[in-house]
Each structure stands twice: as structure tokens, then as C-alpha cells.
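Okay, here's what each chain looks like letter by letter:
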Amino acid sequence: NAGVTQTPKFQVLKTGQSMTLQCAQDMNHEYMSWYRQDPGMGLRLIHYSVGAGITDQGEVPNGYNVSRSTTEDFPLRLLSAAPSQTSVYFCASSRRESTDTQYFGPGTRLTVL
Amino acid sequence: SQQGEEDPQALSIQEGENATMNCSYKTSINNLQWYRQNSGRGLVHLILIRSNEREKHSGRLRVTLDTSKKSSSLLITASRAADTASYFCSNAGGTSYGKLTFGQGTILTVHP
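Protein sequence lines, in the order shown, are assigned to chains A and B. Quick note on this note's numbering: the first sequence kicks off at 1 and runs consecutively. Quick note on this note's numbering: the second sequence kicks off at 1001 and runs consecutively.
These are computed hints drawn from the structure, not numbers from a lab. Incorrect hints may have been included.
Unchecked claim - Cut-off 20 Å, straight-line C-alpha distance, at most; resulting in silico cross-link-like pairs (SDA-like, lysine to any residue):
1) B:Lys1099 x A:Asp73
2) B:Lys1099 x A:Gly51
3) B:Lys1099 x B:Ser1024
4) B:Lys1099 x A:Ala52
5) B:Lys1056 x A:Thr7
6) B:Lys1056 x A:Val60
7) A:Lys9 x B:Ser1039
8) B:Lys1099 x A:Arg95
9) B:Lys1056 x B:Gly1040
10) B:Lys1056 x A:Thr101
11) B:Lys1099 x A:Asp38
12) B:Lys1056 x B:Ser1071
13) B:Lys1099 x A:Thr55
14) A:Lys9 x B:Gly1040
15) B:Lys1026 x B:Lys1070
16) B:Lys1070 x B:Ser1028
17) B:Lys1099 x A:Lys14
18) B:Lys1099 x A:Lys9
19) A:Lys9 x A:Asp38
20) B:Lys1026 x A:Met41
21) B:Lys1026 x B:Arg1054
22) B:Lys1069 x B:Leu1048
23) A:Lys9 x A:Asp73
24) B:Lys1056 x B:Leu1075
25) B:Lys1070 x B:Ser1024
26) B:Lys1026 x B:Pro1008
27) A:Lys14 x A:Arg77
28) B:Lys1099 x A:Glu59
29) B:Lys1070 x B:Gly1040
30) B:Lys1099 x A:Val60
31) B:Lys1099 x A:Thr71
32) A:Lys9 x A:Thr86
33) B:Lys1026 x B:Ser1058
Please put together the full structure from these sequences, using the hints given.
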């Protein structure tokens, strides 16, 4: 199993540009989520999904969109990038029976100029 | 809002020593977990302790939970240089399954 994979690993955007961060898992996990990690802070939940076709907002959803068309994929879209979105983004997945034990991807380091 | 707050923010020890990190949280919980993050990597789940448990062991890890004080501690015994990482406690709160909140973490440095 590859586990949770994320692409790209690094990305530089200009203010106002849009992009999609990719996340995929091959563990057949129902639950997937996106977090951002800023320097000196813990992870903050952006959006999450409890299954295909179902998404909901986390703590810091503004400026981000998600969709879940398949169990495996959970892309995160930045609609119009802002410098405040410079961060490291982590995708995670878990089984429905144990949503608190999450498996994390390696992260995407995003810089918005 | 940050549900978990780790203490100390940084800890520096020699190989072979024990490392103790503490976590405090604000609301009721179903369980509490500890995660490790190596530099530049994603988080790795270490151990989960349920709200009705007081202590749990996994290899060199020992976790305690005191729900009356809303606090937990992680003890790493006989530390190794490979234990150098950031450690986070996390929980989903009483009614928020899967919506984990994290503190700032404890940065542990183990010197060989």
C-alpha cells in the first residue's frame, strides 16, 4: 500500500492564482480530511469528508473548496490564492470505525507570493 | 481554537534519558491521541488512550490520562536520537468524531 499520497510536494503561486492540491489513499478509508500547518502552530482542519459525495467544513474553510467523487481521492482547491494561505498542507484518512486514528500524507509546501 | 496544548514547547535531552511531555485540553473527550512528526514529514499516529483508561503502554511509550485535570502525559523511556521530532496531542472533543484539533506540539531533541 502506498498509503496517503499528496502532489505536488512544493508549489509557488502568485496572488490570485488558483490550483488544486491532490490527495489519494489506497486503504479504502471512508474518512478523509485536509489540514494546514503554520509555523509554531499545530494543524488546523480545513475540510473533511465522511464518504464519497459528502464533505463538510472544518475550522478554517474560507478560500478553499473540496469535493469527494470517489473514495480514493480528495482534492483541495484554492480558488484565488492569497499570501495568508502560505502553509504546509496535509491530507489524512481514516477508517469510519476509528476516525480519530488518522494516517497522514507527506504534505505539500505552498508559498503564495 | 486549539483543544490540546503541549508543554514544554521544546525539550532537549541526552540519549538514554527519559522524555516527558504534557498535554492539556479544554472540553470533554472520547479519547486522546499522540502523534509524532519528523522534520518535513507528515504526522504518524503513536498511541490512543480512551477516556475510561488511565494509563497505556506501547513499547518505550507510556501515556497517562487524567480526565479530572483534563491533562495527559507522554513518557518516552530510554530515548534515542531517532526520537528527535515534534510530538502533538490531539483529540476530537466529546461529540466531534474525526474533527481533530492539535496543539503547537513539543519539539524533542535527543542528542547522541
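Going down the list of hints, with the structure as the test:
1. For the proposed pair Lys1099 of chain B and Asp73 of chain A, the alpha carbon gap of about 19 Å is at most 20 Å, so the pair holds.
2. With a C-alpha separation of about 14 Å, the suggested pair Lys1099 of chain B and Gly51 of chain A falls inside the 20 Å cut-off, and the hint holds.
3. Distance restraint check for Lys1099 of chain B and Ser1024 of chain B: the Cα-Cα separation of roughly 18 Å lies within the 20 Å cut-off, and the hinted pair is therefore satisfied.
4. Restraint check for Lys1099 of chain B and Ala52 of chain A: the C-alpha separation of about 17 Å stays at or below 20 Å, so the hint holds.
5. Distance check on the hinted pair: Lys1056 of chain B and Thr7 of chain A sit about 36 Å apart at the alpha-carbon level, beyond 20 Å; violated.
6. For a cut-off of 20 Å, the pair hint linking Lys1056 of chain B to Val60 of chain A is broken: about 33 Å separates their Cα positions.
7. Distance restraint check for Lys9 of chain A and Ser1039 of chain B: the Cα-Cα separation of roughly 14 Å lies within the 20 Å cut-off, and the hinted pair is therefore satisfied.
8. Distance check on the hinted pair: Lys1099 of chain B and Arg95 of chain A sit about 13 Å apart at the alpha-carbon level, within 20 Å; holds.
9. A C-alpha spacing of about 28 Å is found between Lys1056 of chain B and Gly1040 of chain B, which places the hinted pair above 20 Å, so the restraint is violated.
10. Restraint check for Lys1056 of chain B and Thr101 of chain A: the C-alpha separation of about 16 Å stays at or below 20 Å, so the hint holds.
11. Of the pairs offered as hints, the one joining Lys1099 of chain B and Asp38 of chain A holds, with about 18 Å between alpha carbons and a cut-off of 20 Å not exceeded.
12. Distance hint between Lys1056 of chain B and Ser1071 of chain B is fulfilled; the C-alpha atoms sit about 14 Å from each other, no more than 20 Å.
13. In summary, the hint linking Lys1099 of chain B to Thr55 of chain A is supported, as the alpha carbons are separated by about 12 Å, within the 20 Å threshold.
14. With a CA separation close to 11 Å, the supplied pair Lys9 of chain A and Gly1040 of chain B stays within the 20 Å bound.
15. For a cut-off of 20 Å, the pair hint linking Lys1026 of chain B to Lys1070 of chain B stands: about 7 Å separates their Cα positions.
16. Restraint check for Lys1070 of chain B and Ser1028 of chain B: the C-alpha separation of about 8 Å stays at or below 20 Å, so the hint holds.
17. Restraint check for Lys1099 of chain B and Lys14 of chain A: not satisfied, since their Cα atoms lie roughly 31 Å apart, outside the 20 Å limit.
18. Between Lys1099 of chain B and Lys9 of chain A the CA atoms are separated by roughly 24 Å; this puts the pair beyond 20 Å, and the hint is violated.
19. Straight-line distance between C-alpha atoms of Lys9 of chain A and Asp38 of chain A comes to about 16 Å, which keeps the hinted pair within the 20 Å bound.
20. Proximity of Lys1026 of chain B to Met41 of chain A is assessed by CA-CA distance (about 17 Å); at most 20 Å being required, the pair is judged to hold.
21. With a C-alpha separation of about 18 Å, the suggested pairing of Lys1026 of chain B with Arg1054 of chain B holds against the 20 Å cut-off.
22. The straight-line distance between the Cα atoms of Lys1069 of chain B and Leu1048 of chain B is roughly 18 Å, inside the 20 Å bound, and the hint therefore holds.
23. Note on Lys9 of chain A and Asp73 of chain A: the hinted pairing holds, with a Cα-Cα distance of about 17 Å set against a maximum of 20 Å.
24. Between Lys1056 of chain B and Leu1075 of chain B the CA atoms are separated by roughly 11 Å; this keeps the pair inside 20 Å, and the hint holds.
25. The suggested pairing of Lys1070 of chain B with Ser1024 of chain B holds, with an alpha-carbon distance near 6 Å, which does not exceed 20 Å.
26. With a C-alpha separation of about 17 Å, the suggested pairing of Lys1026 of chain B with Pro1008 of chain B holds against the 20 Å cut-off.
27. Our distance criterion of 20 Å between C-alpha atoms is met by Lys14 of chain A and Arg77 of chain A, whose separation comes to about 15 Å.
28. Distance check on the hinted pair: Lys1099 of chain B and Glu59 of chain A sit about 9 Å apart at the alpha-carbon level, within 20 Å; holds.
29. Between the alpha carbons of Lys1070 of chain B and Gly1040 of chain B the distance comes to roughly 30 Å, so the proposed pair goes past 20 Å and is violated.
30. Only pairs whose Cα atoms come within 20 Å are accepted, and Lys1099 of chain B paired with Val60 of chain A is accepted, the gap being roughly 12 Å.
31. As the CA atoms of Lys1099 of chain B and Thr71 of chain A are separated by approximately 18 Å, the hinted pair is consistent with the 20 Å bound.
32. A threshold of 20 Å between alpha carbons decides the hint, and for Lys9 of chain A with Thr86 of chain A the separation of about 14 Å falls inside it, so the pair holds.
33. Restraint check for Lys1026 of chain B and Ser1058 of chain B: not satisfied, since their Cα atoms lie roughly 26 Å apart, outside the 20 Å limit.
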